[in-house]
Amino acid sequence: MRTIRMLCWVLPLLAVCAPSHALELDPKVSPEINFGGKMLVTTDFLREDPRVGNASNHYAQNLSDSSLLFGFSKYLFTDNDYGFAVFGLKIPDDDTDLKDNVYLHQLHAGIGGKRYELLFGRTRLTNTLISFPTVRDEDLLAYTHVANGQSNARADEYQIFGGLVRGTYWFRPYWMVGGALLARTETDPADLVNNPGISSSDFNGGSLTFAYDVPEAIKFDRGIRFSGFTLDRQRLDAMGTSPKDTKTALIAAVTYNLSNNPEKTVVLDLQGIVDQGADVLSLLSQVERSRAKNTAVAAAVRYGHRPYLQTRWFAGVAAGWKKYDGFNDASSFAVAPNYLYRLGSGVDFTAQYIYRKNRGDLALATGVDAEHEFLVGLSFAFDATINETVGEGRSILNLEHNMQDIGPAGGGH
Amino acid sequence: MGTNTGSKKRKQDPAVAPEAPPPSPPLSRRAFLRKAALAAGGTLAAGIATAAAASPRVGPEAYGVTPPHGYPGGQGSMMYMPGHSMLGAKTNPPGAPPDDAVPYREFDLTFELVEHELLPGVKFPVFAFNGQVPGPVFRVQENDWIKVNVRNNTEEMHTIHWHGVDLIYTMDGVPMVSQDPIHPDETFVYRFQARPHGTRFYHCHWGTPLHMPTALHGAFIIDTPDDPIRKMFPYTRDYVLVLEAFDVNFSRKSINELLRGMKRVNKLMESRRLTPITHAFFPRYQAFLKAIEDGWRPPYTRGNAEAPQLRPTFFAINGKSYPATVGEHGHLKIKQGEYIRIRLINGGVADHHMHLHGHQFFVVAEDGNPLPYIKRVNTVPVTPGKTLDIVVYGDNPGFWDFHDHKELQSMNSGIYPGGMITMLEYEDMGEVPYVPSYSLNQ
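Chains A and B, in that order, are what the protein sequence lines are.
All residue numbers for the first sequence refer to my numbering, where the first residue is 10 and numbers rise by one.
All residue numbers for the second sequence refer to my numbering, where the first residue is -12 and numbers rise by one.
Incorrect hints may appear among the rest.
Said to hold, decoys possible - As a list, the in silico SDA-like pairs of lysine to any residue whose alpha-carbon atoms are at most 20 Å apart:
#1 K273(A) - R284(B)
#2 K254(B) - D222(A)
#3 K240(B) - F81(A)
#4 K228(A) - K273(A)
#5 K393(B) - H344(B)
#6 K228(A) - R247(B)
#7 K240(B) - D200(A)
#8 K123(A) - K273(A)
Unchecked claim - Just a sample of chain A residues kept apart from chain B, beta carbon distances all over 10 Å, derived:
#9 L77
#10 G130
#11 M185
#12 L217
#13 I233
#14 A261
#15 L318
#16 R321
#17 R368
#18 D378
#19 F389
These are calculated hints, taken from the structure and not from any lab test.
Note that the Cβ used here is the ideal one computed from N, Cα and C, for glycine as well.
Turn these sequences into a full structure, and let the hints steer you where they fit.
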């Protein structure tokens, strides 16, 4: 009798759970799957001129910035809005605290529509505005991104990526306002030698961005192509000799078309960062340099050779200058001429030379007077879509750095 | 040696019979070895040559066809005139009689980009004539002179091809064959005589794989008082059903991409910063070959493009999928003892096998032309570009399904029933034992 009573309870439940199409009120919807990635392999030659002693040379194969991305999206019940999720991994630089690791740089979900996007999870921080024409994201990192004042690690990933709750709203297709709560990666203040990351989830800052992206119709006209500014604020815990504090930075940027010839494009990128900083006693450590009050400017001019509107090659030169306030001529600059030749769709030959120079107290603190870096390599980027249902969207590769991109730094889905 | 022989054979004119080779003299051992070594080398070379050699260039006569026309390519086209602009232009192509020479019946059409609702809950962007899916039905009399002023209110180029109408070639609507594409903000005037009579249709011929299925097509019916079909079957009602297949995702994606691209292209054209080659227009074939030599990459090569995948998931009759076919457009209606004519026009890219329950209907015309013999069937295939006219005789009262029997097309995005289903209803049944309702998920 007890068994029969139990069956009376269980059988209706099974009927509900069984995959009966006619009874299924919320049938399974397979997502659109985007996958993509980039294999970037360069042969690097690095010559370091220390402030004291002889120069040292270093030859290496560099796989950093290579990545693999998986994106999923599907329409919501509204039929106009969509949900999305991205899972991405990236190979860090061999010469950092993340050596031998694979870093999960994209790990987020969100919803979006024609006018808005809400994103939760890890992706690019909102600490830069422009995608500069350098082979790798981090080639001019000190000049292009607001530094993470909570990390003492030699890990560019902790400077570029972090946790966010980000909302973006487009007034028109070309006017955008965005706000974000940021969770920059924090390293252990009690272990300034190994610098282990202790949190990538504690909210420790926020940002507000306002940007203008020129309408499609005039993308090739002479004039402003993209401009914007971001206000970035960070909460800083005590770390080493640096006390608990806050710091605020303002980023302003513009991308300007110098040529109106779509077959021979000339674009100027200009970005300035005024970082109000926090109290630091020296520039000896990474975290102190990240917290120090500074002004940074990055600029680039790039030429695109596009006969018949088919891109053949790019050549550019990017440069950066940075000055730390409160120290004796603590400044640095870098110049990076580079070249990209398209061998095929997503298959590019690249070459770049970077000269970095430190001055005054900065050279004293880092022990490095100058660096010469030359690299040549090959980049293979790909993206593909399976079960295309959500329709036209930006390539998932838009999440990655690409020296061909003009305008805003990657982001959005 | 083998290579040479083979090569020579390939180059021979097939019209000339090869002569028989002379008999070989006997070989000495040394000569044999030398020849064998040469043959071995030749075989290796043949392998390489076979892999690398292009197919021989021979004249078209060798294939039984003729060389291209001898006229200067691109004559009459504005597309090769530097800095041309068609903004606000009104184009009256040559070839038709002037307005005061014949009595034109005048119509106005527009190309529009609209969001079309296939059925409740499914909207997608389409190009549409007059914003309507399908375009408005033309009903004209045979030999009427027709004048259609068509204005392009979109950012994309278009043309109109009058499918199955025997007209002046400059009005045939094939871009870069008989006319320039109709540019944004341009008005183009088609003038022609409507003939022969029958069920014809019209559709855009620019970017046809995208524009025709989404949804630039419409019926063009040419009537005649001497209609042989009406004489044989005195029908009282005449229905037009345009059959359509929509890949709503493809449309959304393609139209968005296209509009983004066209915004730039139109602006660049307006400011005269584009050349014909950036549109892939070439006045002569030799100019196309020269462009490739100069480094222009054809868009279809393996390194340049992936094949677009068109996979229709919604099927419609006159712009609506079931249940909106009957819910919004109503039923096909008939009475007992009545003949009705149904004109089936395939305006899309899929095959449809239209099946009428409970009746054996008459297939009376194909491609608009009356058939010399009458078939009696209950299912008829309507392939892309075809029109078929059928006549139904009212001899079996009831509510009857009329649907695509390629059942995967009687679905809405994989959910049955949906898509290409409508209904034939008898109007004179009186009290009925069972009345249809709507079932949307079987």
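Now for the hints, and whether the structure bears them out:
1. K273(A) - R284(B): holds (17 Å)
2. K254(B) - D222(A): Since the Cα atoms of K254(B) and D222(A) sit roughly 17 Å apart, the hinted pair holds (cutoff 20 Å).
3. K240(B) - F81(A): With a Cα-Cα distance of about 17 Å, the restraint between K240(B) and F81(A) holds, given a limit of 20 Å.
4. K228(A) - K273(A): holds (13 Å)
5. K393(B) - H344(B): holds (14 Å)
6. K228(A) - R247(B): OK: K228(A) and R247(B) at ~11 Å, within 20 Å.
7. K240(B) - D200(A): Not satisfied, since the Cα-Cα distance of roughly 51 Å exceeds 20 Å.
8. K123(A) - K273(A): violated (32 Å)
9. L77: holds (20 Å)
10. G130: holds (26 Å)
11. M185: At roughly 17 Å from the nearest Cβ of chain B, M185(A) sits farther out than 10 Å, so the non-interface label holds.
12. L217: Per Cβ check, L217(A) is outside 10 Å of chain B; nearest 28 Å; holds.
13. I233: Holds: least Cβ distance 15 Å, greater than 10 Å.
14. A261: holds (27 Å)
15. L318: violated (5 Å)
16. R321: violated (8 Å)
17. R368: Holds, because the least Cβ-Cβ distance between R368(A) and chain B comes to about 44 Å, which exceeds 10 Å.
18. D378: holds (45 Å)
19. F389: holds (13 Å)
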